[in-house]
Every structure is written in structure tokens, then in C-alpha cells.
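Sequences listed follow chains A and B, in order. Position in the first sequence (from 1) plus 55 gives the number in my numbering. Position in the second sequence (from 1) plus 1 gives the number in my numbering.
Think of the hints as simulated: they come from the structure by calculation, not from any bench. Beta carbons: idealized from backbone N, C-alpha and C, even for Gly.
Keeping only pairs whose Cα atoms sit at most 25 angstroms apart, straight-line, the calculated BS3-like set for lysine-lysine is: (1) A:LYS201 with B:LYS289; (2) A:LYS144 with A:LYS252; (3) A:LYS201 with A:LYS175; (4) A:LYS87 with A:LYS252; (5) A:LYS79 with A:LYS298; (6) A:LYS223 with B:LYS178; (7) A:LYS252 with A:LYS151; (8) A:LYS201 with A:LYS180; (9) B:LYS178 with A:LYS144; (10) B:LYS178 with A:LYS201; (11) A:LYS223 with A:LYS187; (12) A:LYS144 with A:LYS187; (13) A:LYS144 with A:LYS87; (14) A:LYS87 with A:LYS123; (15) A:LYS151 with B:LYS178; (16) A:LYS187 with A:LYS201; (17) A:LYS116 with B:LYS178; (18) A:LYS116 with A:LYS79.
Label pairs and their computed distance ranges (CB to CB): (19) B:PRO88 with A:LYS201: 31 to 37 angstroms; (20) B:SER92 with A:TYR132: 28 to 34 angstroms; (21) B:ALA13 with A:SER234: 46 to 52 angstroms; (22) A:HIS253 with B:ASN281: 55 to 61 angstroms; (23) A:ASP246 with B:PRO198: 29 to 35 angstroms.
To spell it out: a stretch of chain A is covered by chain B in this simulated footprint if at least three of its residues, at any positions, have a beta carbon under 8 angstroms from a beta carbon of chain B; those stretches are: (24) 107-118; (25) 137-151; (26) 164-170; (27) 216-229.
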Amino acid sequence: MGTEDIEIESRNLNLWYGDTQALKDISIPIQKNMVTALIGPSGCGKSTFIRCINRMNDLIKGCRITGKVLFEGSDVYENDVDVVVLRKKIGMVFQKPNPFPMSIYDNIAYGPRIHGTQTKRELDKVVEDSLKAAALWDEVGDLLDKPALDLSGGQQQRLCIARTLAVKPDVILFDEPCSALDPISTARIEDLIAELKHDYTIIIVTHNMQQAARVSDRTAFFLLGEMIEFGDTKQIFERPVEKSTENYITGRFG
Amino acid sequence: MIRQTRERIIEALLFASAVTAVVIVLLIMVFLFKEGAPFLLKFGIHAFCLGMEWNPIAMDGEPSYGIFPMIVGSVYIAAGSLVLAVPLGISCAIFLVEIAPPWAAAIIRRGIELLVGIPSVVLGFFGLVLLVPLIRDSFGGFGFSILAGSIILAIMALPHIISISADAITAVPETYKQASLALGATRWHTIRNVILPAARSGIVAAVILGMGNSIGETMAVLMVTGNSPILPEPLYDVLDPVRTMTANIVIEMNYAAPGDHRQALFATGIVLFVMVAILNAISHRALKSRMGEGR
Numbered sequence: 056m057g058t059e060d061i062e063i064e065s066r067n068l069n070l071w072y073g074d075t076q077a078l079k080d081i082s083i084p085i086q087k088n089m090v091t092a093l094i095g096p097s098g099c100g101k102s103t104f105i106r107c108i109n110r111m112n113d114l115i116k117g118c119r120i121t122g123k124v125l126f127e128g129s130d131v132y133e134n135d136v137d138v139v140v141l142r143k144k145i146g147m148v149f150q151k152p153n154p155f156p157m158s159i160y161d162n163i164a165y166g167p168r169i170h171g172t173q174t175k176r177e178l179d180k181v182v183e184d185s186l187k188a189a190a191l192w193d194e195v196g197d198l199l200d201k202p203a204l205d206l207s208g209g210q211q212q213r214l215c216i217a218r219t220l221a222v223k224p225d226v227i228l229f230d231e232p233c234s235a236l237d238p239i240s241t242a243r244i245e246d247l248i249a250e251l252k253h254d255y256t257i258i259i260v261t262h263n264m265q266q267a268a269r270v271s272d273r274t275a276f277f278l279l280g281e282m283i284e285f286g287d288t289k290q291i292f293e294r295p296v297e298k299s300t301e302n303y304i305t306g307r308f309g
Numbered sequence: 002m003i004r005q006t007r008e009r010i011i012e013a014l015l016f017a018s019a020v021t022a023v024v025i026v027l028l029i030m031v032f033l034f035k036e037g038a039p040f041l042l043k044f045g046i047h048a049f050c051l052g053m054e055w056n057p058i059a060m061d062g063e064p065s066y067g068i069f070p071m072i073v074g075s076v077y078i079a080a081g082s083l084v085l086a087v088p089l090g091i092s093c094a095i096f097l098v099e100i101a102p103p104w105a106a107a108i109i110r111r112g113i114e115l116l117v118g119i120p121s122v123v124l125g126f127f128g129l130v131l132l133v134p135l136i137r138d139s140f141g142g143f144g145f146s147i148l149a150g151s152i153i154l155a156i157m158a159l160p161h162i163i164s165i166s167a168d169a170i171t172a173v174p175e176t177y178k179q180a181s182l183a184l185g186a187t188r189w190h191t192i193r194n195v196i197l198p199a200a201r202s203g204i205v206a207a208v209i210l211g212m213g214n215s216i217g218e219t220m221a222v223l224m225v226t227g228n229s230p231i232l233p234e235p236l237y238d239v240l241d242p243v244r245t246m247t248a249n250i251v252i253e254m255n256y257a258a259p260g261d262h263r264q265a266l267f268a269t270g271i272v273l274f275v276m277v278a279i280l281n282a283i284s285h286r287a288l289k290s291r292m293g294e295g296r
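Given the sequences, and given the hints that come with them, work out the whole structure.
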């Protein structure tokens, strides 16, 4: 492992849904301005893990957590943590594109409005900048008043990315962002992620191993709630240490 | 062969049951219009609906059949009940769906079901012995009033408004909520800016349906509104008694002699029927447009 800045670090993180343990003793350091991919078969806990980082698991009844998730040096599960501030700094893009049933403009402006940007001029600028950063401005720049739900699936997902960028986070969590998209839209999102990592720390959960290999710098392999292996993406895909990692990436199960 | 015959018979029976419902509605309509329409045409729709005086048994001179005060009475009480029931009902629906822990939601739902089960005459009785004296003592006037009618109707409309709004709120995709929270919105901000707008058409439908029910309600209202077929004076005085169209029919049907008087009551029924049908159509529209949004 390099000595780069560590932005997020989970330490001995355990999580239970009721009596079922979904995460077992997960410790991963996430480097700043890098793309970290989480791979593994369905139900292995990778989505659950990223939902711990911005505390989206708080919404689930019966969910219990031990251990720490350090963000900028302090535990996000401390009592005095303001989740509003936390989620502003750690944005999230979901599996299925989920724009609000509002205009494109209002979708992007939704976050900034929450966090105190009110004037029309400021909002206009945030909307334009975010859409440009999400490589969507050329397609929808003239259609800002149109309903977001009229866009194609790929455009909707880039809109959701733009919406996340609009609140100026430090970290973006991608939860299988391409699983509902066609190959061309997927390629555009991957290009976008490569672009965004210059300014953001990115964690991406994916089912698609080629995708992990293409976009990420680091990869963690999850299996049945445990993190089996973590390292440079190249190493994980070319010389995995663990047998189960090798079996998974060579397609023997999954 | 026997199996096929049996199949056909069952289908025919089911078809017959479905047709029965429609036929009954049609027959009621035909009857209503047959009894009321000739009078309506003779007396004039305009004169009937906008006439200010209701005096069917005139001792001296021409009887008059103006139901405008009763239309106003019905609309007034229905609107008043909505003013009370809508904010309360929507707040309760939000609490039920978004905030209440399961055990509290279960208790509230049970309570709402009970409320539906109370016969309207019992509510009317409750209004008569409790509400009317309370209003008389607190605000003056007779006690029998628009206010009393509105409160009783609000209690009756509440469970319907709550359950339809709660359905509409439940139908808002979870993903909207997650997206909003993930952007750093608070729960209340999410409810107000994402969930309620997305559920809007369902809530509107609930309100209009509630209005339709309220206008059609009879017994409870009859018992607490004082039943005087004149406009409130001044018009905004909610402590004045009024008579609704439904009450008009119930009160006078007993002694209305066959002829104009009786037919005028049927004509009142036609006006009521048309108003409720329009409200139902609007609420149906609103519900349908919600389906269209769910892409």
C-alpha cells in the first residue's frame, strides 16, 4: 500500500440486520482521489458497506453497527455527528437512476437549496457547472425545464451524478451505478468516473468485474460479509493471493 | 364436455352479477330523472337552482321552490368539513406512513377503522347532545349551525382522507426518499419537498372524494345544522343554521303531497346527484394522472 492520504477508513466494522450478521470485521483504508472498487457476489455485503459510510443504513430498522468508520479523522458514528453535513460531504449515486419527478433544473438545484444557495444566479451557475461536470450539459442545456423523467436511463443516471456533484461533496459513493444501463451509457459513466477522480474520492460497488478492472485503482473483494482481499486493482486481477478471489474473478462462481 | 358447460354457467353468473350492479345504478338514475326532470323543466332549472325562497306549501299565493340556500348550505358544510379534515388528515397520513413506529401506526390504524364503523346517526347524536350546546355556550347563537355540521362531517371524512392520502404517500417510490436523504436533506424537508409533491394527485383525489361524501351525507348533518332553508346572514356567519339538500329531501318526503312538492324533492336529488358525480369524476381523473406519473 502506498502512503497516500487516507480519506475514509473503516475499522473492525460489524453490522447486523436483526440477528443476521451482514458485515464481519471489515477494515479498509480508502485513499483520497482514487477509485476504490468493491466486488463480490450478490449478498456479500458490499452495498451494505458503502451505506455505512454515509449512514444510509440508519434508515433500516433493526440495523446495528459496531466498529468505526473514520472520515477526515473522526468516527461518523459519534453521537455529535450531523448526518446532514456528513451526507453533504459524502454523496451517493444509486443502482437505479432515481431523479425526482421534477424538472432537470430543480433536480440539480435541490441539494444546493437545502444547503443554503438561494439566489437565482448562484443556482444557475451550480446547475450549469454540475451538468457540465457530469457530461450532460451538451445534451440537456436547452431542456432545463423539462421533466427529468423524460430523459433516457443513461441520461437520468448522469443527472443523478450531477445532482450529487451540485452539493460539492468530497467523496462519491456509487452503488452499482450501471447495472440498469445499456453498454454505451455504461461506457459514458465509466469515462465520467475516470474524470471525476481528479477532484473526488470515489468508491464504486460493481457486479461487473471488467468494470472494476477498467475504472478502479484499488479493489476489495467481499464474500459472505467478509472482506477477503484488498489491494491494487492490477494485483487483485492478475495475482490474487486468496484462492476464493481467484475463483471469483475467473468466473467460477458469482 | 360437462366441465365446459360448468365453466360457461359460472361465467354467465359472474357476468349477471356484474350487470346487476350497473343496472341498479341505471334504474335509480332513470327513476330519479323520471320523477324530477319534468318538474325541473316546468319550473325552470335556473329558477330552481338559483331561487332564494323555498316555500312549497304556500297558504297564500304561489308556492316557491328555490333551493339556492340549500345548495349553499351543502357546499358550505362540505367545504367547512374539508377545511378542518384535510390538514388534520394529511398530517395524520404523513405521521402514519413516514414517522410512526409500527406499534403506534397499528394503534392509529385500528382507531381509524373504528371511526369508519360509527353509524352516522350516532355521530349526529353525539353532535346534538355535546357539540351543539358547546358551540351555543362558547360562541353564542343557536348552536345548531354550519360549524356544528362541518365538525361532524369532518370527523366522518377524516378516516377516508387519511387512508387514501396514506396510500398515496406509501406509493411514492422509496428511491426518491433515499435520493433526497443522501443529498443531506432532513426527513421533514424530504417529506415536504419530495414525498408530498409526488403524492399530490392522490391526495387531491382523497380531498375531492371526501368532498363528495360530505355533500351526500344526511343524517348526522340533519341533526346538528338547524335545517332552516335560508341563506346565512351575513353570508360568512358559520354560527347560523342552514339546511342541506339531503336534509331537505329527508325532512319533507314524509308529508310532501304527490305533485309539484314531491317532484321538487326529486329534483333536489338530481342536483345533488349531478354535483357528486362531477366531484367523483374529478377525483377519478386526479387518481389516473398519478398512474401516468409512475414511469
